[in-house]
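Protein sequences appear in the order of chains A and B. Numbering of the first sequence is given in numbering that gives the first Met the number 0, commencing with residue 0 and proceeding in unit increments. Numbering of the second sequence is given in numbering that gives the first Met the number 0, commencing with residue 0 and proceeding in unit increments.
Among these hints, one or two may not hold up.
Claimed, not checked - Looking from chain A toward chain B, a few residues come up when the C-beta cut is under 10 Å (computed):
| id | residue |
| --- | --- |
| 1 | Pro-327 |
| 2 | Glu-351 |
| 3 | Arg-464 |
| 4 | Gly-468 |
| 5 | Asn-470 |
| 6 | Lys-471 |
To be verified - Calculated pairs, SDA-like style, for lysine to any residue (alpha carbon to alpha carbon, straight line, at most 20 Å):
| id | chain 1 | residue 1 | chain 2 | residue 2 |
| --- | --- | --- | --- | --- |
| 7 | A | Lys-560 | A | Gly-262 |
| 8 | A | Lys-343 | B | Glu-145 |
| 9 | A | Lys-341 | B | Ser-150 |
| 10 | A | Lys-97 | B | Tyr-153 |
| 11 | A | Lys-343 | B | Val-77 |
| 12 | B | Lys-80 | A | Pro-323 |
What the hints assert, rightly or not - Between beta-carbon pairs, the in silico distance windows are:
| id | chain 1 | residue 1 | chain 2 | residue 2 | range |
| --- | --- | --- | --- | --- | --- |
| 13 | B | Leu-73 | A | Arg-58 | 42 to 48 Å |
| 14 | A | Ile-18 | B | Leu-41 | 16 to 22 Å |
| 15 | A | Pro-325 | B | Ala-141 | 47 to 53 Å |
| 16 | B | Ala-141 | A | Gly-124 | 38 to 44 Å |
| 17 | A | Gln-137 | B | Trp-98 | 36 to 42 Å |
| 18 | A | Ala-28 | B | Val-147 | 43 to 49 Å |
| 19 | A | Leu-14 | B | Leu-94 | 31 to 37 Å |
| 20 | B | Ser-84 | A | Ala-414 | 41 to 47 Å |
None of these hints come from the bench; they were simulated from the model. Every residue, glycine too, gets a C-beta built ideally from N, C-alpha and C.
Chain by chain, the residues:
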Amino acid sequence: MKVKIFRWKAIGPLLLLFILLGILVWIFAEPVARQTAEEASSELLGTEVDVGKLDLLPRQASVELRALQIADPFVLTRNLIEADEIRLKLNPAALAEKKIVIENLSLHGMRFATTRKKPARPPSGKGFAPQVYQAVNQWAKQFDVPLLSLTPIDTIRQLALDPTQLTTIREAQSLLTRTDSVKKGLEQGFQQLNIESTLDSARALAQRLGATDPKKLGLDGTRQAIQSVQQSLKDVENAKKRIQALERNAQTAVQFLGQGVQGLDQARQKDFAFAKSLLKLPTFSAPEIGGALFGKVSIERFKQAAYWAELAQQYMPPGLLPRPTPGPNRLRAAGETIEFPKPKELPRFLLEQGQLDFSIGGTGPIQGAYTATVQGLTSTPALYGRPALITASRRAAGSALASIDVGAVLNHLTARTHDSASARLQGIKLPSFDLPGLPLRVDPGTGSSSLMFSMRNAGAELRGRWAIGSNKVSWIADSAGRRLNDIVRLVLRVVSGLNDLQVVAELSGSIASPKFSVSSNLDKAISQQLKAVIGEEVAKAERMVRAKVDSLVADKVEPVKRQVAAVQTGANQRIRAEKQRVDGVERSS
Amino acid sequence: MLALLKLIQSLIKTLHSAGTPGQVAAGMAFGSALGLTPLLSLHNVVIFSVLVLLNVSFGGGMLGWMLFVPVGFLLDPVFDKVGLSLLTAPSLRPLWTDWTNTPVLPYTDFNNTIILGSFVSWLVLAIPIFFAARYGVAKYRATIGERVRQSKAYKALTASQVYNVYKMFRP
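Pulled out of the complex, with its shape left as it was, chain A reads as follows (with noise of 0.2 Å):
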């Protein structure tokens, strides 16, 4: 009997059933790629993306997207960047490749920090994105931001410190127990040299020897005292040798303690500063005025430009080594999906040509249209050979007084990566801020504003520096219903008074350990104006707070001091004594 392999009926009711898969495609497949552009999107860039509409247009291998908005992961109620209209023109046979590539990206409508109607999801999930996010919020936190203190001097009377709260006692306590035990171990060590009989027996044998009549002694008398001689020094070198070691062992230890104590005056100065902080003197000092008025807006900025560049990072890394990225979410495990990059070949991702047009309204001197180009972002700067360029500014000639110019460069051919981003604007509405510690709000009005941030080799260099200048500058006081101290209203008059401010942020070091400076002319002249006001009182304040923390601490730091400089004095005195013995004998014999 003939088998059959194939069932041929069936290949009706299998065409039937993919022309209804395919049917089914047709019918959904804008829903869903554009449920799928926004998860991805969102996903990928750690906040939210709302695409209004998505249309494929598969003829010209384009897609077009509409009423785009992408969230700002740090102002959720705002967007980043909001479109009217996308259109992506993408390379069909990288798409067989499953590779997108767009060839050319137009955006028109473009809008920026626009408000939304419903706040933004906050970045959440296991992604990287939201890592990202946790980890540059945490890395803020780490600039030590000084609070403004503006406590009025005529509430400072006195001042209730708990010694057990200060660290030199602590600290002299701790010093007492290791002083004790330093001499407890130098005693052990002075009873282990044990010299004394070998002293007494180099003694013996140089007056036996000085008594002697070296002719009676004959050959072997004579060879009997040389090695007796012999044996003696050696014995006397080796206890001069167990002294150097005693003498070594007791500098380490001295030096200890010499530590502990110079341990103490800093425990003190920290003491001084603490207790300081519990009066809440008024801060006078521009550098500090400077950090707490500015340094937490100053800082928000650096946090943001590190966010994105930390996400650059990520997605594109150098070098074209096999990648692990998390598989995709299903059922079953997601696993890691491992890309290959190829070279000659075309990356995962690529946005060949960019084009943006956007438009500022309004008769401010600022409006106009602009245009933006994205050159070269992709998921493989190795492949595609050349950075990433970003770039906008105004399309055609406008105000002089006005200008936005912005410009990026993503260089990760290689390891030795350099991301670097600048953003220069000019005569426009700068945002307006809170001074913490006053009850003031900035509002620049018109200025400038700019910001370069540059990070080398992922990291390990990095550079930023954030400015703000305007000559029209509001204050918006928020004093309603509250009482305000002298020195408050004394800022405020200040304050009042300005009509430019000009604030500049820096930003230097590593992601790993960064340095932060930021100064402006407003912290310059608060900073004058109190020292001249409340200086002396303040001075007076201060040598109240050492007086009182040195009162407290001095009948415990006294005693422990004395008997670390006695314990010092003894074992140098023992030392020398010793080894002035074994000279003493040694000379003698």
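Once you have looked at the hints, place chain B on chain A.
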């Protein structure tokens, strides 16, 4: 409960179909791919087409699918390890590099550890599954098969409309 009922129904229908034990076993071996590997994958379209077009038991295929779905979930950690070791083997890197840069082939998602691991594991397990199923079906038919066929429950099942549709695809 319904899924369990359907599984029993499918099991009984398949075991008593006109197909030979070999045809049922081959169907189960192909169907197990649908259960062991993530369902929505390109290779499963091919396997499903093969299951329909080849003269093997379609019911066996569905039975294999249902039986191996939980096994697939359970073995995901193993598949992940198998897939990872294959994808990270230096000697196979040129193969995967070419595979993922050749038109259409990247849509197989064989650069995913679970998909590759489960597919390769299925390839290895398909032959034992075939022989074990063929032995089991033959043994069943030779022992209690006839008694089940005479039972009222079986007769009620075969009299249903669903069974008529099913008969279209039986070997």
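Any hints from earlier that this structure breaks? Give me their numbers in increasing order, please.
-> Hints 2, 3, 4, 5, 6, 8, 9, 10, 11, 16, 20 not satisfied by this model.
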